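Protein chains in written order, with this note's numbering: chain G, 8 to 178; chain E, 41 to 749; chain F, 2 to 333.
Hints are computed from structural coordinates only; laboratory data are not their basis.
Note that the structure is predicted; figures quoted are calculated from it, not measured.
Wrong hints could be hidden among the right ones.
As the list claims (entries may be wrong) - In silico EDC-like pairs for lysine to aspartate or glutamate, Cα to Cα no more than 16 Å straight-line:
no., chain 1, residue 1, chain 2, residue 2
1, E, K443, E, E600
2, E, K363, E, E600
3, E, K578, E, E588
4, E, K744, F, D307
5, E, K744, F, E311
6, E, K363, E, D134
Said to hold, decoys possible - Stretches of chain F that chain E covers, calculated by requiring three or more beta carbons in the stretch to come under 8 Å of a beta carbon on chain E:
no., region
7, 108 to 121
8, 134 to 145
9, 312 to 318
We treat Cβ as the ideally placed atom computed from N, Cα and C, and that holds for glycine.
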Amino acid sequence: MDPDTTLRVDGVTHHLDLDPRASLLDTLRQRLGVMSPKKGCDHGQCGACTVLVDGRRVLACLSLAVAQDGHEITTADGLSEDGADHPVHRAFVEEDALQCGYCTPGQVCSAVGALDEFARGWPSAVTTDVAADPELDDAEIAERMSGNLCRCGAYKGIRAAVADAHREVSR
Amino acid sequence: MTDTDMTGTDMTPALAPHAIGRDLARRDGAAKVRGTAFYADESPVENPVYCRIVASTIARGRAVSVDTGEAEGLDGVLAVLTPATAERLASTSDAELAVLQDDRVGFRGQIVGAVVAESFEVARDAAARVRVEYEVAAHDAALSADRDDLYTPDQVNPTYETDTAQGDMAAAMASAPVTLERTYTTPMLHNNPMEPHATTALWEPDRGAGALTLYDSTQGVHPVRSTVAAVLGLDEDQVRVVCPYVGGGFGSKGMPHANTVLAAMAARAVPGRPVRVALTRQQMFSLAGYRTPTIQQVQLAAQRDGALDGIAIDVVEQTSRIKEFAEQTGVPTRNMYAAPNRRTTHRLAALDVPVPSWMRAPGECPGMFGPEVALDELAAELGMDPVELRIRNEPDVDPETGKPFSTRNLVACLRRGAEQFGWPGRDPRPGVRLEGGWWIGTGVASATYPVYRMPVSTAVIGYSGGRYVARIGAADIGTGAWTVLPQIAADALGVPVQEVEVLIGDTEYPPASVAGGSSGTTTWGSALVAAAEQFRGKFGADPHEGDEIEASVPENAASERFAMHAYGAHFAEVAVHADTGEVRVPRLHGTFAAGRIVNPRLARSQLLGGMTMGLGMALMEDSVLDPRTGHVVNHDLAEYHVATNADVADLRADWVHEDDPHVNPMGSKGIGEIGIVGTAAAVANAAWHATGVRVRDLPLTLDKVLPPA
Amino acid sequence: MRPFAYQAPDDTGAAVRSVAERPDAVFLGGGTNLVDHLRLGVVSPGLLVDVTALTSTEITEVGGGLRVGAGVPNSELAADARVRSRYPVLAQALLSGASGQLRNMATTGGNPLQRTRCMYFQDVSTPCNKREPGSGCSAIGGSTRNHAVLGTSEHCIATHPSDMAVAMAALDAQVLVLGPDGERTIPFTELHRLPGDTPERDTVLEHGELITAIDLPELPMARRSRYRKVRDRASYAFALVSVAAALDVDGGVVREARIAFGGVAHAPWRARRAEEALRGATVSDESFAAAAAAELTDARPQPGVDGGNEFKIALLTRTLVATLRDLAREEA
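Using the sequences and the accompanying hints, generate a full structural model.
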């Protein structure tokens, strides 16, 4: 018997009978037609499937959809309630923080999550004094965004875009 | 030289740049940042089904029986393809594409079956339940330079001579006051685009004689169409290939691989149902091509003032026993530096391994590692600055053919790059700068990449709704074609770029060449310019709705008279941790001479992207093939390390002004590949300067520079 | 991936009963390793019992130390102000592991139970004694660069991949476990096993036992502690070697040291011989190297098709020396 699962995706509620084996990523893409999160590795090794679950960045490929019952899932296509561009969207285009675009929606969600984590005062592996509040410099952004591989090598632009968006949202 | 002072009969008239050269944002950026630009596995089809590959678990032998009973018993399984049940293909001349045509296994990971099912979960489960019984044959998957069965291929990729010789290299080595002979190696490397190779295929038997639609992740829709049509025995007009966006390729999507053929076969097994086939990341390591490992024996013979008497490279690399691919690793040595005596050779070992193929700058990328490190060793030997050593050996004409260069600005790149990087005044001594617990060093290497123009590409330009709409089956693999081609067409038409749209990525549009060899902008751009000129010639400046004309890329007569290459100079700063040996690259700078830059923002991304991939090659990329099994052990992105954001620190690219009236009407040279070419050598040279340890085998992992306990 | 059932019980007792009564049942936590393994075919359970909503997500003060609920995500544990000031080694270890996304998913209870990243273990087309007892170890004689040098057996040379666990081992954490027969507490250093001739068993947990919390004991010296991870890639990579260390120095003499190694054994490796060698030693690179040598006496590097892992001996030694040197400098 399949459990009945309720997923709220980019503001839309879906009631689904799911194969327990289905990942959140495959459910979004194959059942709901939400193609924004990408499948790059399907094993939590690239970050292309990054979405926000209840505002936290996670990997949709390693999440079972049945375990997401009642949770709020946000993809890069649903970051703004009114459908307008999010500051991270605009910064990525302006800084040319992408090439092929395949890792990009995951990068965008990851950037939104990372900025939120930073705003909470979370440290990172490159924070010199882990007990102190970190400063968001280039190395901090790089480390915090390192869970999203980009084979085109747009990292420099990505860091610039995250810094731009940080300036805009914290203004 | 400016655009207007060109003389001569075979000169290509250059466009007056207006849109060209502008720093425009990517046209497809808005869709890509939201994830709404669609890739092959998410193409808009109704009610798709899913296909999953069964891969061989032996490297050589026969799949004598394939038991599909348990798989077929699962609810939702629609078809199981095996060597016994799969359709017979019309052409099996390309063994890589002869999917399921017999029971022979030529490498581990080869397709020996496939399951099509209503859901992805069922397809995956069913594929795991297909039982394959093998007759195992002894395999051979170990490359070495002293094998006794190395052979000489007829030519190297794409059509270069296998071996070349000028003068007497042996005599030069015997007589020159300074000689150097070293062996360098580069490992097996995998392209690993972020988008796994994928196809959505639909076979509609009732449409005409039958119609096949492939949404394929490819660098060239037309090459896929012609290949697949021939393999399946269809007319090309029965096959449509669509690919508006590609999630990277770097060569691996340049030629269709077995997965695309399988997708077509699977679709024909379930007529009327679109079938989605995406390789897993693990399968990408056996089915999507890779760069062969190379063993490079380099010889340099020099005068004390640095002038080279001779340069030679003897290359050993691998191919697959089922299909030959011969990487042209020795080719850049043929014309990089002046030297009267020269030898380049290529020898292959045919192994029971997956089929190698194109990976970003095949030939130039691995082939500039050995020689550029050797030059650094020579510079140290001579007590000469490595930048000056390269400048000392700058040729006046192409040393191989004697042709003049259309433009050659390697020296300008070296000088400007050195200035930008802060090279002047560098202390040449290795292993003397310890800063904050890190050994610091700097290094330089040159880069080159040829200007290729493909012979086939056609563009249509029409006037519709007050706008110019061009169509050409080109591909944007992240290179920026969606943005750059309108810039070219706008200047060719003499209108603002906003009034031009260029549609690409569909065989419904006129045929275009593959996005490979850094040839896209040259080839497609030249076709667009030809079409624009003819459009204006026929319809004038004030066309009517529906006016339309088609034109093809012309031959470039100048390519017979001139040697045409882009050049670059890479500068790296490397830090090696004094305790742990960890190797990091705090600074990487590239200066390039690549003709006119069509869009600086996108060009910089291309160059930085190439350098980033080169950084990965330098420090960490290494496909470890276990010769006992014939498979790449680290076949995923956790263990095949590509550079992360944190690996890239201060990364910069710029370019020297270069007007080349001979290459094409835009005056542009390709920039997609040159960024990777010299990076690894520059990093390795910098690591030596930091530590005094000369690493000749990539990747430059910490164990190679770690002092004893 | 074979079909399985999914349950989300109401409390931990029910979850434990559900798993205990079915041999093919497993707990589902953050899923970052289990879902990976389901997809690879490494495991094929018949039932997944989801405990993510059941185990505590609280970090509470207990007797001068901290009790960390098993459901606390790695990211929140690393961000906790008390952990950052009182156990920096733990915060650093957590932050050096995986990526921001994975740290948001992975839990305190699940992290120590992640399985080896040995590529042969993860590839069901190659023999592996851990996955299929008796089938043979493919890693021995194969690609061994990432493999163990301490505590290996002829049946398995895999390493434990967790960073967090290395810090926990150094801190003498205690693992609170709920099983079908009630609760028990296991010292963290005794949670993981060496492979011996049963490499299929990673830990001493019995089927149906669920980690409910991990206690970090009061340890003032841990305020000056650190985690040093060495890897090929600057981020998002498993350790080649790692060192978790805390040092108590008085007048240039080591009073006490806490040391654990990662990336070198089937378990997070508490370096008691090194600690012993350091007790009363003067602060110097030579003493630190001697401590490393004491610990590495029985180290057995592996040859391999990728050059093997002999370098780990020098690397671990040098990393330990550097880490202790830095800590001693902090103390001064």
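Satisfaction of hint between D307(F) and K744(E), Cα-Cα up to 16 Å: Distance of about 12 Å is within 16 Å: holds.
Between K363(E) and D134(E), is the straight-line Cα distance small enough, at 16 Å or below? Distance ~7 Å between K363(E) and D134(E) Cα, so the pair holds.
Quick check: the region 108 to 121 of chain F, covered by chain E? Criterion 3+ residues, Cβ under 8 Å. That given contact holds, which follows from 3 residues of the region 108 to 121 of chain F lying within Cβ reach (below 8 Å) of chain E.
Agreement of K443(E) and E600(E) with the hint, judged by alpha carbon distance not exceeding 16 Å: Distance ~9 Å between K443(E) and E600(E) Cα, so the pair holds.
Holds or violated: K363(E) with E600(E), Cα cutoff 16 Å? violated, 32 Å
Outcome, coverage of the region 312 to 318 of chain F by chain E - at least 3 residues whose beta-carbon is closer than 8 Å to one in that chain: Three-residue rule met by the region 312 to 318 of chain F, so holds; n is 5.
Establish whether the coverage given for the region 134 to 145 of chain F by chain E is satisfied; the threshold is a Cβ-Cβ distance below 8 Å, and no fewer than three residues must meet it. holds (count 4)
Below or equal to 16 Å on CA atoms is what counts here, so check K744(E) against E311(F). Roughly 12 Å separates the two Cα atoms, so the pair holds.
Going straight from one Cα to the other, do K578(E) and E588(E) come out at no more than 16 Å? holds, 9 Å
Consistency note: the structure conflicts with earlier hint 2 alone.
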